[in-house]
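J.: Next come the chains, spelled out residue by residue.
4 protein chains.
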Amino acid sequence: MMIIMKVEATDKQVEAVVEKVHALGFETHTSQGEERSIIGVVGNNPITAQHQFVRMLGVDRIVPISRPYKLASREFIKEDSTFPIDGVEIGGKGILIIAGPCAVEDRSLLLENALAVQEAGAHALRGGAFKPRSSPYAFQGLGEKGLEMLAEVREITGMPVVTEAMSADQVPLITKYADMIQIGARNMQNFNLLNAVGESQHPVLLKRGLASTIEDLLMAAEYVLSHGNRRVVLCERGIRTFETSTRNTTDINAIPVLKAQTHLPVVLDPSHSTGHWQYVTAIARAAIAAGADGLIIEVHPKPDEALSDGVQSLKPERFAELVRQIRGIAEAVDRYVPPSKVTKK
Amino acid sequence: MMIIMKVEATDKQVEAVVEKVHALGFETHTSQGEERSIIGVVGNNPITAQHQFVRMLGVDRIVPISRPYKLASREFIKEDSTFPIDGVEIGGKGILIIAGPCAVEDRSLLLENALAVQEAGAHALRGGAFKPRSSPYAFQGLGEKGLEMLAEVREITGMPVVTEAMSADQVPLITKYADMIQIGARNMQNFNLLNAVGESQHPVLLKRGLASTIEDLLMAAEYVLSHGNRRVVLCERGIRTFETSTRNTTDINAIPVLKAQTHLPVVLDPSHSTGHWQYVTAIARAAIAAGADGLIIEVHPKPDEALSDGVQSLKPERFAELVRQIRGIAEAVDRYVPPSKVTKK
Amino acid sequence: MMIIMKVEATDKQVEAVVEKVHALGFETHTSQGEERSIIGVVGNNPITAQHQFVRMLGVDRIVPISRPYKLASREFIKEDSTFPIDGVEIGGKGILIIAGPCAVEDRSLLLENALAVQEAGAHALRGGAFKPRSSPYAFQGLGEKGLEMLAEVREITGMPVVTEAMSADQVPLITKYADMIQIGARNMQNFNLLNAVGESQHPVLLKRGLASTIEDLLMAAEYVLSHGNRRVVLCERGIRTFETSTRNTTDINAIPVLKAQTHLPVVLDPSHSTGHWQYVTAIARAAIAAGADGLIIEVHPKPDEALSDGVQSLKPERFAELVRQIRGIAEAVDRYVPPSKVTKK
Amino acid sequence: MMIIMKVEATDKQVEAVVEKVHALGFETHTSQGEERSIIGVVGNNPITAQHQFVRMLGVDRIVPISRPYKLASREFIKEDSTFPIDGVEIGGKGILIIAGPCAVEDRSLLLENALAVQEAGAHALRGGAFKPRSSPYAFQGLGEKGLEMLAEVREITGMPVVTEAMSADQVPLITKYADMIQIGARNMQNFNLLNAVGESQHPVLLKRGLASTIEDLLMAAEYVLSHGNRRVVLCERGIRTFETSTRNTTDINAIPVLKAQTHLPVVLDPSHSTGHWQYVTAIARAAIAAGADGLIIEVHPKPDEALSDGVQSLKPERFAELVRQIRGIAEAVDRYVPPSKVTKK
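Protein chains in written order, with my numbering: chain A, 122 to 466; chain B, 122 to 466; chain C, 122 to 466; chain D, 122 to 466.
Mixed in with the good hints there might be a few duds.
A pair holds if it fits inside one copy or across any two, identical chains being indistinguishable in the list.
[What the hints assert, rightly or not] Calculated lysine to aspartate or glutamate pairs in the EDC-like style (CA-CA distance at most 20 Å, straight line):
1) K462 to D207
2) K423 to E438
3) K133 to E155
4) K297 to E273
5) K191 to D181
6) K127 to E336
7) K199 to E336
8) K127 to D201
9) K214 to E200
10) K423 to E140
11) K214 to D201
12) K191 to E320
I should point out that these hints are in silico values taken from the structure, not numbers from a laboratory.
Using the sequences and the accompanying hints, generate a full structural model.
T.: As structure tokens, this is what we get:
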């Protein structure tokens with residue numbers, strides 16, 4: 122942490138700050154510039170003491186130096202983290218594709234959807250049983266019944282299942298049925314939930330909040346990691362900006378920035394980050410070209426009849442075309458899309 | 122809902138859309154413009170069917186018409202909602218001032234704080250026992266012990282207490298100790314929590330999310346209202362924008378917009394919306410001038426030693442000056458600051 | 122400037138950076154923290170050399186320390202700048218109110234408007250002769266003919282006139298007819314224009330750009346000030362955010378922030394910052410309560426027939442009520458609205 | 122345009138609005154919904170009359186229907202626009218790569234740069250002679266001397282030249298020396314400049330403003346197109362959001378959205394949209410994968426010594442690697458990077 126003194130700060134004021142820093146057990150390095158003094162504060166996480174200085178006479182402002190996350194940082198773990206989700210590897214050279222409906226609605230529709238995305242090349246199945254909806258009057262998900270359907274379809278297809286937990290008390294239930302717990306964008310800073318999934322030791326798909334910086338996302342990951350759960354996948358899903366022609370703004374920069382700053386795998390959700398099925402394939406291609414480790418895509422056999430997010434869901438045949446195109450892009454960046462279980466046959 | 126057809130849509134395509142609308146039980150009013158056809162869809166909440174049309178040939182886009190909230194809307198309830206929080210009225214001509222520490226840290230410090238803000242003119246006491254913190258390494262609150270301290274201080278001072286619930290399962294505990302449940306910005310769309318506070322029938326202080334539109338905020342209120350709990354106070358606390366010289370951007374426009382669109386009381390939190398104690402008083406004045414019904418302010422007797430948010434907390438003497446200035450502004454807009462319990466003496 | 126080294130930087134890498142700093146004629150203060158080294162660079166504006174370091178081995182990032190503006194800064198000029206605009210003082214205890222139509226449309230309508238706003242209490246007349254319009258098909262202003270009308274109305278009413286220059290080559294024309302040159306939000310970083318108004322030595326009303334930070338605004342002011350023209354008034358007029366219920370988001374925080382960081386007068390334009398006449402009065406009150414030195418308001422006797430911005434213009438009777446309310450707010454913050462010339466009679 | 126009436130509007134109020142619409146020469150289609158009446162207004166550009174209705178009793182709000190641009194719209198021109206810039210085609214299957222320094226600084230450095238980027242595969246040379254800089258104390262460009270250097274280097278290399286015009290009066294000078302006029306982000310709504318480049322009939326590279334929506338960008342293009350100049354290339358270069366880890370946020374969604382809404386070619390500038398050389402190649406790949414028609418990239422042989430934007434410039438060898446990677450991506454999306462003149466040899 123650096124304490125920037127005012128241009129007009131007196132020597133006495135500088136001394137008083139230095140003394141207070143020492144009194145708190147930190148060391149100082151003061152530099153006297155052309156205009157003003159700057160006091161470097163050295164020690165263990167000095168930024169937590171910043172409020173002790175902001176009201177002192179002569180202090181202009183405080184500048185943090187260290188990044189606030191550790192376990193998520195590539196400064197501390199150099200190698201890419203890779204781990205399997207029910208046998209499917211994420212974070213290596215292979216591109217992981219997760220696909221399925223926004224919400225689980227019906228057993229036979231789910232099975233049809235799962236078989237179609239698997240046939241098209243998907244490695245894992247997504248589908249919400251608990252749905253966060255901005256309107257209290259909208260379909261809120263099937264709850265545990267939906268989880269049972271997911272587990273049943275996993276049994277049939279062999280695909281691992283990703284589904285969302287909306288609160289800490291749902292975590293035991295979710296881990297019972299699913300291979301990976303999704304934390305939705307609206308819950309990225311639901312710290313009780315982050316602690317619960319951290320303790321669960323289950324793989325986590327952590328979605329970036331609509332107004333969360335990349336640093337916020339890494340701090341949320343830090344919550345999970347601090348419980349010893351290292352199997353965290355970060356998901357860019359669009360941020361909120363002034364642009365209204367798409368539902369959100371895909372922060373494609375976040376892909377290379379995250380790959381530079383953290384060792385954790387990074388995927389993109391082009392369904393939510395665009396909000397229109399017409400743009401999903403183009404942005405999926407962009408994500409892989411930018412270095413993403415995977416994709417999560419909404420697919421629905423009858424998007425006209427979907428109870429949630431039908432506007433942004435792809436039909437299975439378009440999804441198959443997306444996977445075909447992604448194979449080409451993956452090759453161009455020296456990666457590949459592993460065969461899905463069914464295509465192994 | 123309006124279905125806007127493409128310029129090049131054929132008559133057949135228009136007919137197909139109209140037929141589908143009728144098949145779903147809605148009525149249509151089609152207008153044939155210079156350039157294109159527009160199909161007005163009339164019925165009960167037709168927007169929920171929009172995904173059924175976005176993929177039809179010839180359809181350009183869908184435009185919603187109705188606002189998605191009802192119970193929160195001034196279109197349905199014309200009169201300002203007013204109600205007491207432990208005897209202190211909100212939503213009428215009087216300005217309600219809530220003050221206290223960011224987090225409850227210690228019994229005697231809390232009591233000192235409470236007595237000081239009451240003396241200065243505050244009507245209710247704020248203080249967090251459960252603290253959402255962006256870092257897992259930061260102070261997370263005292264939990265139930267903090268709630269007990271709040272209840273004890275309420276006993277002594279007679280001031281009602283506002284404190285935050287971070288998850289649905291904390292709601293019974295919070296209602297046991299506090300007079301008003303705060304929903305924090307990060308939990309504005311934690312729908313499980315909104316349902317729980319709705320069912321509790323306890324007064325609610327609902328803070329706007331950092332990236333939430335005014336409509337999102339009213340939809341979150343709708344969750345609470347839909348359980349028959351009408352005692353909801355909305356709180357503007359700053360939104361996230363590109364400006365970095367303050368912690369957030371106070372959306373002062375939200376005050377008159379909310380007063381026009383909803384009957385619910387509206388307060389402002391200038392401590393979070395600015396993030397710097399130096400700007401709190403100016404923005405508190407602005408809020409009341411713009412028509413807010415109250416304020417929630419962070420005060421700390423020793424902000425240098427606060428465990429949370431010390432940078433934005435006011436010392437009690439500055440808070441007293443703030444209340445003095447607010448009295449003047451309130452008068453200028455034909456309102457008033459009622460005496461606090463202690464000043465009645 | 123601080124050069125933050127990577128956690129894993131070697132001593133040799135730190136030395137190489139230090140040597141390069143010295144080679145460029147700057148001094149260094151290196152502090153060796155728990156995790157990493159930080160090299161403070163001292164000298165004249167070292168930030169301009171930052172690109173020389175970002176590619177060096179072991180460098181993590183660069184943190185600027187000094188603010189990039191000088192003449193605009195309160196660090197260099199402590200006292201509030203005050204100056205007259207054709208005899209009307211700005212920047213002192215009096216609140217300056219500028220009002221009039223968005224665009225000059227017609228001589229008699231302009232005169233009617235001017236007399237009405239003067240009667241209501243305005244001190245200066247606004248009105249655009251050159252109009253920046255987002256559509257090439259919209260009314261673009263009357264040009265010099267409009268300027269002549271403004272000058273004529275000034276003659277009759279005695280009110281100074283504020284009007285916009287859209288390019289450097291219009292500046293001589295504008296200064297011939299008007300008392301204050303407005304730089305519009307879209308031109309805040311039209312540096313040729315800033316240089317031209319700087320050289321003109323004419324009073325300038327500088328509007329903040331839609332996506333400009335407060336620092337950007339002060340840097341734009343610095344362009345004008347660097348030509349020795351000190352008569353610059355800063356204008357907050359709303360920034361662009363994700364909120365769509367108003368045309369822009371009034372950054373009310375900018376008022377106290379600017380008053381703290383610069384000695385230049387600050388006014389607010391609630392017509393553009395809200396975009397709806399219904400909210401103009403509330404936000405005008407908020408501006409003065411927050412510490413603004415003045416207001417600029419769009420008024421039109423027949424807003425239904427305005428060729429530009431009729432949606433946000435006030436009718437004269439509503440404007441008169443606004444001035445009445447502003448008098449009350451001004452008093453509450455220990456300021457006043459001076460009588461307009463006509464009301465002196 | 123749709124006029125949405127209030128829920129409580131009376132029949133009389135609806136009639137009054139309908140009458141006024143007719144009086145203005147438009148037709149109406151009124152639909153009586155469950156809650157409220159909606160009046161569709163049909164005719165030539167009715168939105169220009171919206172201010173005539175917003176103050177009428179019973180009116181809730183106005184919803185525009187038509188897009189405000191015509192010549193730029195794919196609704197009016199279905200086929201992709203393609204045209205040559207000094208013999209180099211843009212808008213077809215070939216990917217156009219423009220590269221060079223941020224600013225022209227020196228003749229021999231410029232020539233070295235040009236030969237290097239040409240060797241690496243670039244088709245056109247960029248370089249600023251007039252530089253918009255946020256600080257008045259920063260290097261402002263060489264002016265006409267810089268243009269002469271660009272023309273000389275074009276002579277030697279045979280590469281067409283792209284350079285920025287900062288004001289309308291510079292346009293004749295720029296067209297004398299350059300093959301394509303760049304409009305910078307800060308000038309996207311400098312309407313005098315847009316008119317001047319429109320009249321010039323010279324190819325235009327139009328950069329999106331930091332806070333401009335996609336619709337704003339298309340309206341700015343409409344200014345140029347309305348002068349009969351159809352050779353406009355749109356350039357996404359990042360928008361301003363709350364994210365601070367990159368200089369701007371690349372709006373990658375804008376690529377497929379623009380390709381859907383307009384027939385004009387679309388390129389991306391990853392140097393400005395990221396602001397860090399480390400991320401330029403990844404985002405360049407993403408752009409082509411998303412469907413962009415070209416790239417504009419900052420390259421500098423000695424970025425450490427660049428007078429402007431050295432932080433985001435690539436060295437020639439990294440640029441050569443970027444082009445190599447782009448060839449692979451182009452192929453994967455069924456496009457190609459045509460050989461540059463030198464590589465034809």
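J.: Run every hint past the structure and note whether it holds.
T.: Hints versus structure:
no. : hint         : in the structure
1   : K462 to D207 : within (12 Å within a copy, 52 Å between copies)
2   : K423 to E438 : within (11 Å within a copy, 50 Å between copies)
3   : K133 to E155 : within (18 Å within a copy, 28 Å between copies)
4   : K297 to E273 : within (12 Å within a copy, 42 Å between copies)
5   : K191 to D181 : between (28 Å within a copy, 15 Å between copies)
6   : K127 to E336 : between (28 Å within a copy, 17 Å between copies)
7   : K199 to E336 : within (18 Å within a copy, 37 Å between copies)
8   : K127 to D201 : between (43 Å within a copy, 18 Å between copies)
9   : K214 to E200 : within (13 Å within a copy, 39 Å between copies)
10  : K423 to E140 : between (69 Å within a copy, 19 Å between copies)
11  : K214 to D201 : within (10 Å within a copy, 37 Å between copies)
12  : K191 to E320 : within (18 Å within a copy, 40 Å between copies)
The structure fails none of the hints (numbered hints given earlier).
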